[in-house]
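Undergrad: Read top to bottom, the protein sequences are chains G and C. Sequential numbering from 1 applies to the first sequence in UniProt numbering. Sequential numbering from 1 applies to the second sequence in UniProt numbering.
A few of these clues could be false.
What the hints assert, rightly or not - Computed cross-link-like contacts, DSS-like style, restricted to lysine-lysine with a CA-CA straight-line distance of at most 30 Å:
1. Lys114(C) with Lys59(C)
2. Lys214(G) with Lys177(G)
3. Lys276(G) with Lys276(C)
4. Lys258(C) with Lys273(G)
5. Lys207(G) with Lys207(C)
6. Lys214(G) with Lys361(C)
It should be emphasised that the hints constitute simulated quantities derived from the structure, not laboratory data.
Below are the chains, spelled out letter by letter.
There are 2 protein chains.
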Amino acid sequence: MAEEAAPIRFGILGCAEIARKVSRAITLSPNATLYAVGSRSLDKATKFAASNGFPPHAKVYGSYEGVIEDPEVDAVYVPLPTSLHVQWAVLAAQKKKHLLLEKPVALNVHDLHKILEACESNGLQYMDATMWMHHPRTTQMFHFLSDPQQFGRLQSVHATFSYGVSPYFLENDIRVKPELDALGALGDTGWYCVRAILWASNYELPKSATALHKPTYNDAGVILACAASLSWEDDKVATFYCSFLTDMSMDIIVMGTKGSLRVHDYVIPNQEKEAKFSTSSNSNWVELSLGWAPNPSEHVVYNDLPQEAHMVKEFARLVGAIKYNNSKPEDTWPIISRKTQLVIDAVKTSIDNGLEPVEIKG
Amino acid sequence: MAEEAAPIRFGILGCAEIARKVSRAITLSPNATLYAVGSRSLDKATKFAASNGFPPHAKVYGSYEGVIEDPEVDAVYVPLPTSLHVQWAVLAAQKKKHLLLEKPVALNVHDLHKILEACESNGLQYMDATMWMHHPRTTQMFHFLSDPQQFGRLQSVHATFSYGVSPYFLENDIRVKPELDALGALGDTGWYCVRAILWASNYELPKSATALHKPTYNDAGVILACAASLSWEDDKVATFYCSFLTDMSMDIIVMGTKGSLRVHDYVIPNQEKEAKFSTSSNSNWVELSLGWAPNPSEHVVYNDLPQEAHMVKEFARLVGAIKYNNSKPEDTWPIISRKTQLVIDAVKTSIDNGLEPVEIKG
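With the rest of the complex left out, here is chain G (with noise of 0.2 Å):
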């Protein structure tokens, strides 16, 4: 985007508690700005503009079809109910907003592909709001992966995420609705486990999932906590852990063939400015086994801004390029939130076939 560049306009559909995050991040990002918000209720979004940072000029509507027929607006931030992704996502796309999708993204890949070919096919940036991903630290992390020397070759990869909800999310909450985010947990905090897998195998695609044990359901069948196992043709394999039944966890644990890695705040640091993780290379017993030569190493990466802000920012670059200078879409986001819904998918088939395994074809 050239220095003169006007900033990208979001237009937010609905007024989720993680608008308020994403607003914040819109308005902290240098290249973007917050354009427009539209909720059913004229009264809710009028608020949510209000209180979220919203400037004077900023269109307020009484829909969601109000900002995506906004002409200047140039991509939507769309944290509505999972259920309801493919027909906002879909006709956003059909009037040329570029999208920020929360996840979980879809129910299933079948409805994903729907979202991707309306968005590849009008020209459109996509990319999911998995924040964690653009931390400076998540590249910091991923760089070490990359070591062969310091890493090696991939073996083995765990990662958790859960928090423990409230009585009230347990009964009211979107994302223990079947009617709304039928994944539950699978799709809020397994997708997280998922996508830091895929992110820890550079992306490549496991052959199969396996659901270990009978997860916990509410009483609509949607599921609370599960766990599963993913698998490779080679000898790598993982395992993740996802709950809203747990104390808060969110652990990654890479282990490689000359190293290792752990992090366990990556989903949200446990500060904003500054984030954690430890590297092990080439470790070996000192004289009898008493102890590690080398110990392992803390790292620590200082944040100028918020991981959601950096989020923001690398998506209103890649709008502002497509807009600007005429770039094609990155399609590196739509290729990853495609390989997270798959593996989704091939978990919850799994579970739903009492625990055998699925094989996951790209």
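Chain G is fixed; fit chain C onto it per the hints.
TA: Below, chain C without anything else, positioned relative to chain G:
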């Protein structure tokens, strides 16, 4: 053991590398003394005694029989290859020697039963040499896991133990020889993972074990790396990864309804004098999910005696109580050793049966 009671006299069968570490531990333990060592080579035994702190009056034998027939020996430490455990452990028990047995304790639970039966019928203390169980850190961590307010109910455990072995090890070590240690990495490193999982679940035996991918084998068919999951009747689930082909890793992540615990050097602490772990309890998001509150806590446990000396001290205390105070053997150790072996056997069966789930019967 009364203050004036003589230290427990240890005999060591064989001159394994690990026996050097345990010899040092016996020396460091105030209630134990190095008394005898036997090897098939008298020369080797003599050199071992001379270089591992045996007192001048210590007995040196050119056979294992010499040690177990020495009436002054109270207890034997047996670091022989696993395939020899039944023979020598049972013979030692018949000679009324208390038994500190290196892991893996047996090739299968059938063999282990012979050993335990020999110890029990002779009124002898049995303990497997799983050193980390005796670190004061382990006690502190167990205390946290037992706290219903800070940890809650167990939901998930993940454990790892791996180290990258040398080409020499891969050709020559007993742990890759089917006639010596047929369980390979599962018996050596997997033993610790399974014990860690049992420990975290307060030794509740899982109902089933499932291997997660085709293990890596050497040319002789010995396992060099594998992964498995364990599940219980309720919603608990555990996974582990163990390997000879992966850089050093020793993780336990224990996740509960109200808290979680992480340790990354549970088998052998990074340093001998202090050991760390971290816990998190009742964490929640800060406003807008920009961080955690409270953040996880780091704990440091200072250690005057190395964990293996704590192990020897506790074993010698139990032996002393039998010898001097007519106490009964402590049956916790045979019980958890047997549970560990039962799980190892089930994982091995699952591997052999093409990753089928295997029921674990107590």
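Undergrad: Run the structure past the numbered hints and jot down the numbers of the failing ones, going up.
TA: none
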